[in-house]
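**Q** Letter by letter, the chains look like this.
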Amino acid sequence: MQALTGFLTRFGRAMGGLVGTLYQAGRESVDQVWKNVLPFLAFVAVIVGIMNGTGLGTWIATALEPLASSVVGLIVLSLIIGLPVLSPLLGPGAVIAQIIGTLLGTLFANKTLPLSAALPALWAINPQVGCDFIPVGLALGEAEPETVEVGVPAVLFSRFITGPVAVLIGWVAAIGM
Amino acid sequence: MEFLVQLAEGFIGIFKAGADWWWAVFLGIVPLVIVLMTAFNAVVAWIGQERIESFGKFASQEGIIFLPFRYLLLPIVAVFVLTNPMAYTMGRFLPEKYKPAFYDSAVSFVHPPLGILPHVNPGELFVWAGIANGVQSAYGDTAMADLAVRYLLTGLVVILLRGIVTERITAFMWKKA
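Which chain is which? The protein sequence lines are A and B, in order.
Just so you know, the first sequence maps onto residues -6 to 170 in the working numbering.
Just so you know, the second sequence maps onto residues 26 to 202 in the working numbering.
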């Protein structure tokens, strides 16, 4: 009898823990979507509305199309985004990347751009990632001030090289899509 | 009067276009993101943040053999378990000269998994979802899943490359400084 109650207690506790963790995970997810995803969605919806409703979007999309429809164009885009003076400005919240991504998304939605361009395009809007955050990121890793001094330009220069290379990797990896 | 009505219609039409976009993205992406995030938040809670510290110490060693640990496995584990921006705290186990390279590698991994592991960076979901949503509506669910997998896999190649390149550039700049 004692063994049985012992087992039941342990089983009950384990199940309780499992359910509790999942419930907490669900709460966190909904919180994050509510606080981070939905406001951004609303903000982009206004921009997309203005662009689609006024025809401005078609105009910008036509301007982006030659850049997005060839590897060379996407490499040019990644070089612009990865410029060591521009990338820290484009970094915060990845807002620019998210808007360009959404605009490019409308070009994929109406099949102006082929499916195979999607992967290199994802990499083309990527080179600025975290470039605004280098000192903070290094500080989180408990880096010395001298490391930050060398690290900031090192990462920025590196992006100017690896940004376009990432587009090429994406272009090769998109073969067969 | 008719002119005013037309004007009002055009004005509302702009926001109607935004609302249509909002609704399509909301239905297409948000429920999946919430469910995926809940599952992975629970997994992260079970793994526990303390448990990866010993792995961090192991992966942070010097030498060329540990290159794939420093700039591939450590960033993946850090981003998966600690998510953006706490992932960069794992840099504290590394020697100073490797910290910028680790940061570059880790921060470059906060977008590629978004199609499958949205919990790592929900605030910047649209770096992925902007393009992915367009791909999904034109080419279907399978194409989007294909894109998600390829984005994640190319991400592995790119973060390793960024780690190596930034490590070299840091070493070069350190000598000059």
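Wrong hints could be hidden among the right ones.
Unchecked claim - From chain A, some residues computed to sit far from chain B (all C-beta separations above 10 Å):
#1 Gly9
#2 Ser22
#3 Leu57
#4 Leu60
#5 Val65
#6 Leu79
#7 Phe101
#8 Ile118
#9 Ile127
#10 Ala136
#11 Val148
#12 Arg152
#13 Ile154
#14 Thr155
As the list claims (entries may be wrong) - Just the calculated beta-carbon pair ranges, DEER-fashion:
#15 Thr55(A) <-> Ser79(B): 51 to 59 Å
#16 Leu29(B) <-> Ile168(A): 27 to 35 Å
#17 Val60(B) <-> Val129(A): 29 to 37 Å
#18 Ile90(B) <-> Pro59(A): 43 to 51 Å
#19 Phe40(B) <-> Val69(A): 43 to 51 Å
#20 Pro59(A) <-> Ser79(B): 20 to 28 Å
#21 Gln31(B) <-> Lys104(A): 40 to 48 Å
#22 Phe28(B) <-> Lys104(A): 31 to 39 Å
#23 Asp45(B) <-> Val78(A): 17 to 25 Å
#24 Leu29(B) <-> Val129(A): 21 to 29 Å
#25 Glu78(B) <-> Thr(-2)(A): 44 to 52 Å
#26 Ile73(A) <-> Gln86(B): 32 to 40 Å
#27 Ile154(A) <-> Gln31(B): 21 to 29 Å
Source of the hints: derived by calculation from the structure; they are not laboratory data.
Since the structure is predicted, the reported quantities are computational estimates derived from the model, not experimental observations.
Glycine is no exception: its CB is placed at the ideal position from the N, C-alpha and C atoms.
**Q** Against this structure, judge whether each hint is valid.
**A** Checked hints:
For glycine 9(A), the condition that its CB be more than 10 Å from all CB atoms of chain B holds, with the nearest at approximately 14 Å. Separation of serine 22(A) from chain B is inadequate, the least Cβ-Cβ distance of about 4 Å not exceeding the 10 Å criterion. With a closest Cβ-Cβ approach of about 12 Å to chain B, leucine 57(A) is found to remain outside the 10 Å limit, as its non-interface label requires. Remark: the non-interface label on leucine 60(A) is consistent with the geometry, its nearest Cβ contact in chain B lying 14 Å away (cut-off 10 Å).
Against chain B, the non-interface label of valine 65(A) holds: every CB pair exceeds 10 Å, the least being about 19 Å. The Cβ of leucine 79(A) lies farther than 10 Å from every Cβ of chain B, with a closest approach of about 17 Å, so its non-interface assignment holds. In this structure phenylalanine 101(A) is not separated from chain B by more than 10 Å, as the shortest Cβ-Cβ distance comes to only about 3 Å. With 10 Å as the threshold on Cβ separation, the claim that isoleucine 118(A) sits away from chain B is violated: the shortest Cβ distance comes to roughly 7 Å.
The non-interface label for isoleucine 127(A) is inconsistent with chain B: the shortest C-beta to C-beta separation is roughly 7 Å, within 10 Å. A beta-carbon of chain B is positioned within 10 Å of the beta-carbon of alanine 136(A); the least distance is around 5 Å. Under the 10 Å C-beta cut-off, the non-interface status given to valine 148(A) relative to chain B is violated; the minimum distance is some 5 Å. With a least beta-carbon separation of about 8 Å from chain B, arginine 152(A) fails to lie farther than 10 Å from that chain, contradicting its non-interface assignment.
Non-interface status of isoleucine 154(A) relative to chain B is broken: a Cβ of that chain comes within 10 Å, the nearest being about 6 Å off. Against chain B, the non-interface label of threonine 155(A) is violated: not every CB pair exceeds 10 Å, the least being about 5 Å. In this structure the hint that threonine 55(A) and serine 79(B) lie 51 to 59 Å apart at CB holds, the actual value being about 54 Å. Take leucine 29(B) and isoleucine 168(A): their Cβ atoms lie about 55 Å apart, and the range 27 to 35 Å is violated.
Distance hint check for valine 60(B) and valine 129(A): the Cβ-Cβ separation is about 31 Å, which falls inside the suggested range of 29 to 37 Å. Judged by the Cβ atoms, the range 43 to 51 Å given for isoleucine 90(B) and proline 59(A) holds: they are separated by roughly 45 Å. Between phenylalanine 40(B) and valine 69(A) the beta carbon distance is about 34 Å. The supplied range of 43 to 51 Å is therefore violated. Under the hint 20 to 28 Å, the C-beta atoms of proline 59(A) and serine 79(B), about 51 Å apart, miss the expected range.
Taken as a hint, the range 40 to 48 Å is violated for the pair glutamine 31(B) and lysine 104(A), whose Cβ atoms sit roughly 31 Å apart. At about 37 Å, the CB distance of phenylalanine 28(B) to lysine 104(A) agrees with the hint of 31 to 39 Å. For aspartate 45(B) and valine 78(A), the hinted distance range of 17 to 25 Å is not satisfied, since their beta carbons lie about 38 Å from each other. For the hinted restraint 21 to 29 Å between leucine 29(B) and valine 129(A), the CB-CB distance of approximately 52 Å leaves it violated.
For glutamate 78(B) and threonine -2(A), the hinted distance range of 44 to 52 Å is not satisfied, since their beta carbons lie about 37 Å from each other. Checked against the hint of 32 to 40 Å, the pair isoleucine 73(A) and glutamine 86(B) passes, with Cβ atoms roughly 38 Å apart. For the pair isoleucine 154(A) and glutamine 31(B), the supplied restraint of 21 to 29 Å is violated, since their beta-carbon distance comes to about 53 Å.
Hint compliance for this structure: hints 2, 7, 8, 9, 10, 11, 12, 13, 14, 16, 19, 20, 21, 23, 24, 25 and 27 are not met, and every other hint is.
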